[in-house]
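Asks: First to last, the sequence lines map onto chains B and W. In our numbering, each residue's number is its place in the first sequence (first place is 1) plus 36. In our numbering, each residue's number is its place in the second sequence (first place is 1) plus 543.
Please keep in mind that the hints were generated in silico from the structure rather than gathered at the bench. Possibly wrong hints are sitting among the right ones.
[As the list claims (entries may be wrong)] Keeping only pairs whose Cα atoms sit at most 25 Å apart, straight-line, the calculated PhoX-like set for lysine-lysine is: (1) W:588 <-> W:647; (2) W:582 <-> B:79; (3) W:588 <-> W:651; (4) W:651 <-> W:585; (5) W:588 <-> B:79; (6) W:582 <-> W:647; (7) W:651 <-> B:79; (8) W:582 <-> W:651; (9) W:585 <-> W:647; (10) W:647 <-> B:79; (11) B:79 <-> W:585; (12) B:79 <-> B:101.
Keep in mind it's a predicted model, so treat the numbers as computed, not measured.
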Amino acid sequence: EVQLLESGGGLVQPGGSLRLSCEASGFTLSNYAMSWVRQAPGKGLERVSVISGPEATTYYIDSVKGRFTISRDNSKSTLYLQMNSLRAEDTALYYCAKGRNLGEWLMGSWGQGTLVTVAS
Amino acid sequence: DIQMTQSPSTLSASVGDRVTITCRASQSISIYLAWYQQKPGKAPKLLIYDASNLESGVPSRFSGSGSGTEFTLTISSLQPDDFATYYCLQYVSSSPWTFGQGTKVEIK
Chain B
37 EVQLLESGGG
47 LVQPGGSLRL
57 SCEASGFTLS
67 NYAMSWVRQA
77 PGKGLERVSV
87 ISGPEATTYY
97 IDSVKGRFTI
107 SRDNSKSTLY
117 LQMNSLRAED
127 TALYYCAKGR
137 NLGEWLMGSW
147 GQGTLVTVAS
Chain W
544 DIQMTQSPST
554 LSASVGDRVT
564 ITCRASQSIS
574 IYLAWYQQKP
584 GKAPKLLIYD
594 ASNLESGVPS
604 RFSGSGSGTE
614 FTLTISSLQP
624 DDFATYYCLQ
634 YVSSSPWTFG
644 QGTKVEIK
């Protein structure tokens with residue numbers, strides 16, 4: 037059974053940093069595209085970043101380019117999102133999600149999310 | 544970026560009703576359209592991919608149709624478990640992926 041468990045969220049001041057983690061089980065992390073998708077309180081969904089399967093190609097939306105870095109540690113089966121220079125508009129529930137199938141980027145399975153609050 | 548417009552924003556319906564939600568793309572996305580269901584406090588759940596393919600384990604009362612710029616999600620007979628918010632997502636690889644703003648299905 038696929039399981040995704042996010043952690044690392046919390047309250048951080050504007051300009052600060054956080055590293056989110058997503059511990060994956062039930063599949064081989066390195067074989068699948070993995071995404072971070074966020075949802076601001078009471079708002080819709082926004083895919084923030086993706087790392088593809090074995091080739092580990094990365095993608096970011098414009099608003100986080102240069103500030104966020106997606107990575108993974110295959111030995112720990114863990115996906116990360118390093119978030120620097122955080123802004124109030126980054127406040128959201130951050131989900132990690134697994135590609136639906138090998139070679140697919142479409143998000144199939146999702147974790148339960150970790151909340152990031154950027155405020156002074 | 545491709546804009547996705549869902550309608551209606553809110554829909555009031557009764558158990559047993561046939562429900563249709565529409566998603567329009569600002570330009571053609573072929574069939575690269577998915578539908579997700581989200582319940583309060585829960586993660587989104589994939590229902591439909593490639594516009595009309597039912598994800599494994601999803602009840603057959605859910606169906607999707609469309610191509611190009613206009614798509615629909617239909618629930619043939621609304622069940623109590625279906626009251627939720629539904630999002631469309633376009634996933635054309637050459638463009639940033641974008642979700643619709645969501646449609647909340649409420650009990651009438």
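Asks: Work down the list of hints and note, for each, if the structure agrees.
Replies: The hints, checked one at a time:
1. W:588 <-> W:647: Between residue 588 (chain W) and residue 647 (chain W) the Cα gap is close to 15 Å, so the pair holds against 25 Å.
2. W:582 <-> B:79: holds (13 Å)
3. W:588 <-> W:651: With a Cα-Cα distance of about 23 Å, the restraint between residue 588 (chain W) and residue 651 (chain W) holds, given a limit of 25 Å.
4. W:651 <-> W:585: holds (22 Å)
5. W:588 <-> B:79: Since the Cα atoms of residue 588 (chain W) and residue 79 (chain B) sit roughly 17 Å apart, the hinted pair holds (cutoff 25 Å).
6. W:582 <-> W:647: holds (10 Å)
7. W:651 <-> B:79: Holds: residue 651 (chain W) and residue 79 (chain B) sit about 23 Å apart, inside 25 Å.
8. W:582 <-> W:651: Holds: residue 582 (chain W) and residue 651 (chain W) sit about 17 Å apart, inside 25 Å.
9. W:585 <-> W:647: holds (14 Å)
10. W:647 <-> B:79: Roughly 12 Å between the alpha carbons, so the hint for residue 647 (chain W) and residue 79 (chain B) holds.
11. B:79 <-> W:585: holds (14 Å)
12. B:79 <-> B:101: Cα-Cα ~22 Å, so holds.
Checked against the numbered hints above, the structure breaks none of them.
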